[in-house]
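K.L.:
The listed protein sequences correspond, in order, to chains C and Z.
In terms of my numbering, the first sequence has 415 at position 415, counting the first letter as 1, and numbering is strictly consecutive.
In terms of my numbering, the second sequence has 1169 at position 169, counting the first letter as 1, and numbering is strictly consecutive.
Just to be clear, a hint being listed does not mean it is correct.
What the hints assert, rightly or not - No farther apart than 27 Å at their CA atoms in a straight line, the calculated lysine-lysine pairs in the DSS-like style are these:
{"id": "1", "chain 1": "C", "residue 1": "K172", "chain 2": "Z", "residue 2": "K1005"}
{"id": "2", "chain 1": "C", "residue 1": "K119", "chain 2": "Z", "residue 2": "K1268"}
{"id": "3", "chain 1": "Z", "residue 1": "K1367", "chain 2": "C", "residue 2": "K119"}
{"id": "4", "chain 1": "Z", "residue 1": "K1268", "chain 2": "C", "residue 2": "K283"}
{"id": "5", "chain 1": "Z", "residue 1": "K1005", "chain 2": "C", "residue 2": "K268"}
{"id": "6", "chain 1": "Z", "residue 1": "K1283", "chain 2": "C", "residue 2": "K5"}
{"id": "7", "chain 1": "C", "residue 1": "K90", "chain 2": "Z", "residue 2": "K1090"}
{"id": "8", "chain 1": "C", "residue 1": "K367", "chain 2": "Z", "residue 2": "K1119"}
{"id": "9", "chain 1": "Z", "residue 1": "K1119", "chain 2": "C", "residue 2": "K97"}
{"id": "10", "chain 1": "C", "residue 1": "K5", "chain 2": "Z", "residue 2": "K1418"}
{"id": "11", "chain 1": "C", "residue 1": "K5", "chain 2": "Z", "residue 2": "K1268"}
{"id": "12", "chain 1": "C", "residue 1": "K317", "chain 2": "Z", "residue 2": "K1051"}
{"id": "13", "chain 1": "C", "residue 1": "K81", "chain 2": "Z", "residue 2": "K1097"}
{"id": "14", "chain 1": "Z", "residue 1": "K1119", "chain 2": "C", "residue 2": "K119"}
{"id": "15", "chain 1": "Z", "residue 1": "K1097", "chain 2": "C", "residue 2": "K90"}
{"id": "16", "chain 1": "Z", "residue 1": "K1283", "chain 2": "Z", "residue 2": "K1317"}
{"id": "17", "chain 1": "Z", "residue 1": "K1051", "chain 2": "C", "residue 2": "K5"}
{"id": "18", "chain 1": "C", "residue 1": "K51", "chain 2": "Z", "residue 2": "K1051"}
{"id": "19", "chain 1": "C", "residue 1": "K51", "chain 2": "Z", "residue 2": "K1317"}
{"id": "20", "chain 1": "C", "residue 1": "K51", "chain 2": "Z", "residue 2": "K1119"}
No lab work stands behind these hints, which were simulated from the structure alone.
Here's the letter readout for the chains.
2 protein chains.
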Amino acid sequence: MYWSKYFIPTSKEIPIGTEAVSHQLSLRAGLVHMLTSGVYSYLPLGLRVLKRIEDIIREEMNAAGATELLLPSLHPLELWKQTGRDQTLKEVMIQFKDNRGRDMCLGPTHEEVITDLVKGFIQSYRQLPVTLYQIQTKFRDEMRTRFGIVRACEFIMKDAYSFDRDEEGLKKNYARMYQAYQNIFKRMALDVIIIEADSGAMGGKISHEFMVTAPIGEDAVVVCPSCGFSGGVSGAQDEGGSCPSCKNEKLKKQVAIELGHIFQLGTKYSLAQQAQYLDENGKLNPMIMGCYGIGVSRVIAAIIEKHNDAKGIIWPKEVAPFDVEIVPLGGDDSGAMNALAQRYYQELQAQGLEVLVDDREESVGRKLNDADLIGIPLRIVIGKRNFAEHKVEIKKRNASESLLVDIDGVMAKIAEIK
Amino acid sequence: MYWSKYFIPTSKEIPIGTEAVSHQLSLRAGLVHMLTSGVYSYLPLGLRVLKRIEDIIREEMNAAGATELLLPSLHPLELWKQTGRDQTLKEVMIQFKDNRGRDMCLGPTHEEVITDLVKGFIQSYRQLPVTLYQIQTKFRDEMRTRFGIVRACEFIMKDAYSFDRDEEGLKKNYARMYQAYQNIFKRMALDVIIIEADSGAMGGKISHEFMVTAPIGEDAVVVCPSCGFSGGVSGAQDEGGSCPSCKNEKLKKQVAIELGHIFQLGTKYSLAQQAQYLDENGKLNPMIMGCYGIGVSRVIAAIIEKHNDAKGIIWPKEVAPFDVEIVPLGGDDSGAMNALAQRYYQELQAQGLEVLVDDREESVGRKLNDADLIGIPLRIVIGKRNFAEHKVEIKKRNASESLLVDIDGVMAKIAEIK
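Next up, chain C with everything else stripped away, as it sits in the complex (with noise of 0.2 Å):
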């Protein structure tokens, strides 16, 4: 990709209103753009990142059995009387009466719509367990949005729903979904702390929370500094206690940030909407659920939080937009420097790698600044004095130095080093 043919708007200021990094790093970086308080668009360069965060999400679904759908967002708010939800949710939902005087809302989550679903198509035992997913768009009415993306009003959320015949198949999935879970977060270099967790609006008994410590979180855990050992706050554990794994040491308390949230659901939603199957001996039980949340949107909010230094993003590899930029810095009056950044992005994309070359009329110190607040996990810098010496710079964003390269050594030192 051509940087001058794309829409990658940068800027050095820090946007008025921002506390966070991650807020204005994203705004910074042209990742996502404010319409209205809690409301964001995904310009191109956020875009890729979100779609290669949800790429990984659906491998490591897929691979532990789930399978994609697609729910809507209208429900009919008929739906969510029958748990009773259409009350308890009642401050985040968005409803309305549409032209036919129909009672509608747009989904905040989608546990009444899937066994809505469900219960239409399964019967039998045999039927069962299945496990379904969709990556989707929520809506929820907050008064108190917060770090731009990180609680926004409409923000994308993968979420799935297992239905198993009994309590051990629901152990079952979950133990999957659990790991499906900690391969996601690894694959997105985040690290993260698992905590047992109280079920609140989903209902249901055991839950688990996946959290990041950072300081856009909205939570509190308690870590032990030298074993790992962590808890909820909330919980059992507490600041000054002591740490079970390892007696001398105190927990200290960090804010977190919740990406993930897996429940055992059990019954709750089975019962209340009637989505029973036919067991061996022709007996009727209601399904045993399960839910499992990622928050896709603040995923993104996370990663930086957690991989950035005072001059902008380092992306992991996984979820960077770009794999390699190409910095070429002759200007105007270099065609053979030119040339040489269109033979790299020729020889890189024949590699299948993602390529952006910054080929604007810009000044030296724009396209490096730029570079390094965008990010891109690995840069070559075709510089005028290592040009003329038949040499171009290659750069790692997280690496203090670089390395000087014979202009057709690159792709071999590429090969290497990626």
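Dock chain Z against the given chain C, drawing on the hints supplied.
P.N.:
Showing chain Z alone in chain C's frame:
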């Protein structure tokens, strides 16, 4: 993918209250499911088709120089007041007041939002032209939803917007999109009739509709039966009139559905929203806009309308949910036939094909009927009698005859005919 582990709820029954073939088949083949009138879920098979259609659109839009982003569905109504379309589109627009007392609406289209975004980032003629697009969910409060996903309250659209310095630039971009649309529909095996049309609520002067003749249509076109000349009935041409390019022929009226619509908007939005740029002489000018829509959801219905027979759907190759379906008919007692199915599955996947294995414990009749119903282009049937003679059957969904092939000759045959 193994059918038993997937979620394809097929049905023999014609659903109550459905008239259109595409509506019936999309429900019976387990592509979509109605949550409430005008609101549909995409089941796994339908989502696969949707994604293949989206990928074709993406490829052609990117090749035409457009850049993808993602705009929100929640809009401040204030923005729509700038163009007066809070009133002109009021009937279909879902409006509500949020918890903070803001007047909000759900986007039925995105001219206002994209114009607002672009004007914030583009100041100079140097930054033009730019064409941005998204594939995103739209909301319209339709009183008369029709034919399932054809006219729904929530649906997926590709909408693109071009911004140019002058009319000449717009005309170039418009021609590029016109060509991209021809490519897109051709790849989807849809013969489109292109008609110069009324711009309606969008504004601007010149616009073209991309129509496909089908009984689910809501428009009428006249077509010359011999030379292919066509026109809109509301326009200059009428049934019974003569065809300009072959004088002897009389024009025939046909019902058609609009799948795409492109508009030369001009300055309607840029004037109302003050989206201006500085030209070479430092003078402010309104940007010259175009917009380009495709109804992604309804494209699925149109493809089914054009590609089906009495037994079910006949997916064109480029949009099929799977490339090959393997149907072992040995039942439980034939481990060898199931093992062969598994071998083909792996070999075909290694060739990069998407493969579905019908491993269900269902009758021969049910499996073959379902295969016809869901319409995968290529089918390998492993039947008992043929298997005993070291043979399997290969059948194209759109052919009446099948081929009998030696068990070990299947891969070569598939490579030849696929």
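K.L.:
Against the 27 Å threshold, does the CA-CA distance of K1367/Z and K119/C hold or violate the hint?
P.N.:
holds, 23 Å
K.L.:
Given the hinted pair K1051/Z and K5/C, is their Cα-Cα distance within 27 Å?
P.N.:
Holds, at about 26 Å.
K.L.:
Mind checking the alpha carbons of K1005/Z and K268/C for me, to see if they're no more than 27 Å apart?
P.N.:
holds, 25 Å
K.L.:
What's the verdict on K90/C and K1090/Z, does the C-alpha distance respect the 27 Å limit or exceed it?
P.N.:
holds, 26 Å
K.L.:
Could you grab the alpha-carbon distance between K172/C and K1005/Z and see if it respects the 27 Å cut-off?
P.N.:
Distance ~16 Å between K172/C and K1005/Z Cα, so the pair holds.
K.L.:
Mind checking the alpha carbons of K1119/Z and K119/C for me, to see if they're no more than 27 Å apart?
P.N.:
violated, 48 Å
K.L.:
Is the hinted pair K51/C and K1317/Z satisfied, with a Cα-Cα distance of at most 27 Å?
P.N.:
holds, 25 Å
K.L.:
Can you confirm whether the C-alpha distance between K1283/Z and K5/C stays at or below 27 Å?
P.N.:
Distance of about 24 Å is within 27 Å: holds.
K.L.:
For the pair supplied as a hint, K51/C and K1119/Z, confirm whether the alpha-carbon distance does not exceed 27 Å.
P.N.:
Satisfied, since the Cα-Cα distance of roughly 26 Å is no more than 27 Å.
K.L.:
For K51/C and K1051/Z, compute the direct alpha-carbon distance and say whether it is at most 27 Å.
P.N.:
Satisfied, since the Cα-Cα distance of roughly 13 Å is no more than 27 Å.
K.L.:
Mind checking the alpha carbons of K1268/Z and K283/C for me, to see if they're no more than 27 Å apart?
P.N.:
violated, 65 Å
K.L.:
Can the restraint linking K1283/Z and K1317/Z be considered satisfied, given a maximum Cα separation of 27 Å?
P.N.:
violated, 52 Å
Violated hints, in rising order: 2, 4, 9, 10, 14, 16; the structure is consistent with all others.
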